[in-house]
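Trainee: These protein sequences, in sequence, are chains A and B.
Heads up, the first sequence is in the working numbering, so the first residue is 1 and it goes up one at a time.
Heads up, the second sequence is in the working numbering, so the first residue is 1 and it goes up one at a time.
Because the hints were derived from the structure by calculation, they are not lab data.
Mixed in with the good hints, there may be bad ones.
[To be verified] To give a feel for the contact side, a few chain A residues facing chain B, derived at Cβ under 10 angstroms:
(1) 3
(2) 67
(3) 118
(4) 122
(5) 126
(6) 131
(7) 146
(8) 154
(9) 156
(10) 172
(11) 173
(12) 175
(13) 185
[Stated by the list, open to error] Quick look at which bits of chain A chain B covers, simulated, 3 or more residues with Cβ under 8 angstroms:
(14) 70 to 78
(15) 132 to 139
C-beta: ideal position from N, C-alpha, C; glycine also.
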Amino acid sequence: MNHDTYDDDYIRGILNGVKTIAMVGASPVNVRPSYFAFKYLAQRGYDMIPVNPGQVGKSLVGKPFVASLRDIDRPVDMVDIFRNADAALALVEEALSLTPLPKVIWMQLGVRNDKAAAMAEAAGLKVVMNRCPKIEYGRLSSEISWMGVNSRTLSAKRAPIPTQGMRLSLNRVSVGGGGTGAADRAAQDKKDSA
Amino acid sequence: MTDRLPGFATLAIHAGAQPDPTTGARATPIYQTTSFVFNDADHAASLFGLQAFGNIYTRIGNPTNAVLEERVAALEGGTAALAVASGHAAQVVALQMLLRPGDEFIAARQLYGGSINQFTHAFKSFGWNVVWADGDDISTFEQAVSPRTKAIFIESLANPGGSVTDIEAVSAVARKAGVPLIVDNTLATPYLIRPIDHGADIVLHSATKFLGGHGNSIAGIIVDAGTFDWSRDNKYPMLSEPRPEYHGIKLQETFGNFAFAIACRVLGLRDLGPALSPFNAFMILTGIETLPLRMQRHCDNARAVAEWLSAHPAVAAVNYAGLAGNRYNNLARKYAPKGAGAVFTFSLKGGYDAGVSLVSNLKLFSHLANIGDTRSLVIHPASTTHSQLDDAAKTKAGAGPDIVRVSIGLEDKDDIIADLDQALQG
Ligand SMILES: Cc1ncc(COP(=O)(O)O)c(C=O)c1O
Chain A
1 MNHDTYDDDY
11 IRGILNGVKT
21 IAMVGASPVN
31 VRPSYFAFKY
41 LAQRGYDMIP
51 VNPGQVGKSL
61 VGKPFVASLR
71 DIDRPVDMVD
81 IFRNADAALA
91 LVEEALSLTP
101 LPKVIWMQLG
111 VRNDKAAAMA
121 EAAGLKVVMN
131 RCPKIEYGRL
141 SSEISWMGVN
151 SRTLSAKRAP
161 IPTQGMRLSL
171 NRVSVGGGGT
181 GAADRAAQDK
191 KDSA
Chain B
1 MTDRLPGFAT
11 LAIHAGAQPD
21 PTTGARATPI
31 YQTTSFVFND
41 ADHAASLFGL
51 QAFGNIYTRI
61 GNPTNAVLEE
71 RVAALEGGTA
81 ALAVASGHAA
91 QVVALQMLLR
101 PGDEFIAARQ
111 LYGGSINQFT
121 HAFKSFGWNV
131 VWADGDDIST
141 FEQAVSPRTK
151 AIFIESLANP
161 GGSVTDIEAV
171 SAVARKAGVP
181 LIVDNTLATP
191 YLIRPIDHGA
201 DIVLHSATKF
211 LGGHGNSIAG
221 IIVDAGTFDW
231 SRDNKYPMLS
241 EPRPEYHGIK
251 LQETFGNFAF
261 AIACRVLGLR
271 DLGPALSPFN
281 AFMILTGIET
291 LPLRMQRHCD
301 NARAVAEWLS
311 AHPAVAAVNY
321 AGLAGNRYNN
331 LARKYAPKGA
341 GAVFTFSLKG
351 GYDAGVSLVS
361 NLKLFSHLAN
371 IGDTRSLVIH
381 PASTTHSQLD
391 DAAKTKAGAG
401 PDIVRVSIGL
411 EDKDDIIADL
421 DQALQG
């Protein structure tokens, strides 16, 4: 599968489908991107589990840290890797040892490990790399629009007023003409030269 | 659901806008408010820390302005945009993200006269040093590159000379130098040229002109193409380094391919302050809904007028890239096949005096310092917009003493031509 660009439907399917997300590398420091992605996804109704061996005994927005994926007491739908690319392979191996298997491996913005992705896909998991689920959720729901971000979606429907803990509809019309192909190509160039 | 791919006209009407969640209002409401209430202390803190999506204060963002931002980002094929108070404000904010005192940027000499002034004088006082290149000679950009170069700045269609810049060639120089290419796309609008498709990393607009299109509101826009890697070296600390303004957040790491637009908002607009009034954002948005229709008519009228002028015995030369035989015609065919815009210059055989009398004889054309209005406009740049330049620089910028600039409006083309006809006889 091509991991330079993703169809909106692919991302939408994942974000609409998963309920429980283990975030590996979640940080209790409130200026780290992992902290606020975690908090946002929890507010949007996902069952969030922070994974970080250095933080066991503490909690993140009320959710207790666990040391590893194996220490989670319930089935996990998605593993969100907030670690550097080198750590991804071992994490995918660990994820593949869980029963039941997670459905999705998501690597954060800036994180890409094609070998780890291939291993997860061979086991039937979906993979997303170099994306942030908070940004993608905000984009597909258009909640991110306040920042002038091109959501690449349209809707002529009146949306409900978002409240705390509410899941938003991600089913807006995706637009090709408003695509950001240049940004995708630049990401590809960056990977090639790395 | 299969994804139909809506085209430009659909985006011009719908991108960024949605019925208002509270009232169901279909037109974008004018959120004429300075501030927005927080749900609680934690919500306030998350918004201030850039951790949550939402509105704080109209100097940083406003829901009406956000619709305009997303719409222009979509039309340009960028990842995000920021609306500011004027085109000039867009230039200050964008460059402030990139340059520190002592740094340089390269700019084509073929620019709007106000931009030449801003770069030469105001920016100089900030320690940002402009190095001029010739938009018609790509080697001059290559020669101007130095270790202090932080950006390259060009106009897609240049005001007033009607020149067309070879964006792809300049983009190759920028790429090699490892700096972003900034393209002022005011005269073309994304309907005629989408600079990002040709290698621009940042697109700027004076939305005052054709985007708004009705000569009623000043506004500027910065579009982030999402193409530049700000963290490759430590040249762009506003984007790549921990920001003390936000407890050590690194903007590119956090916001990925729209980090530049966010930096312009949360570091530039927040601290420099040129916020766009939501009312003006509404006026520009309303203008954009008809952009494709207006722009095509502007171009068709301009071409007819340029052809008519070329055949007139009192006219020495017409500088319109849409004319066969114009030196920029090949570039215009490549970059702007739908039309070469509606702003161009011409010179009269009678020189300076004939130009001055033409301007005073015109009855339908308005004599004023703007372009991109529904109305046809005329000005003598050498004595107005470009008056601060010396004669050589005026000529280089396409504003020599014998030159008259027009911005062709949306009136009946026969009426525009009849007015020129009577004025040239007068
Ligand atoms: C090409 C171009 N860029 C920038 C500007 C400056 O825009 P504003 O007047 O909105 O500050 C103008 C205005 O004439 C222009 O024509």
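Trainee: Would you mind marking each hint as holding or not holding in the structure?
Mentor: So, going through the hints one by one against the coordinates:
1. 3: 15 angstroms, violated
2. 67: With Cβ-Cβ at 25 angstroms, over 10 angstroms, it is violated.
3. 118: Residue 118(A) check fails; min Cβ-Cβ to chain B is 23 angstroms, beyond 10 angstroms.
4. 122: 28 angstroms, violated
5. 126: 19 angstroms, violated
6. 131: 8 angstroms, holds
7. 146: Holds, about 5 angstroms.
8. 154: 5 angstroms, holds
9. 156: 7 angstroms, holds
10. 172: 9 angstroms, holds
11. 173: This interface hint holds because 7 angstroms falls under the 10 angstroms limit.
12. 175: Given a least distance of 5 angstroms, the restraint on residue 175(A) holds.
13. 185: Interface hint status for residue 185(A): holds (8 angstroms vs cutoff 10 angstroms).
14. 70 to 78: Contact hint for the stretch 70 to 78 of chain A vs chain B: violated, 0 residues under 8 angstroms.
15. 132 to 139: holds (count 3)
Comparing the model with each numbered hint stated earlier shows that hints 1, 2, 3, 4, 5 and 14 do not hold.
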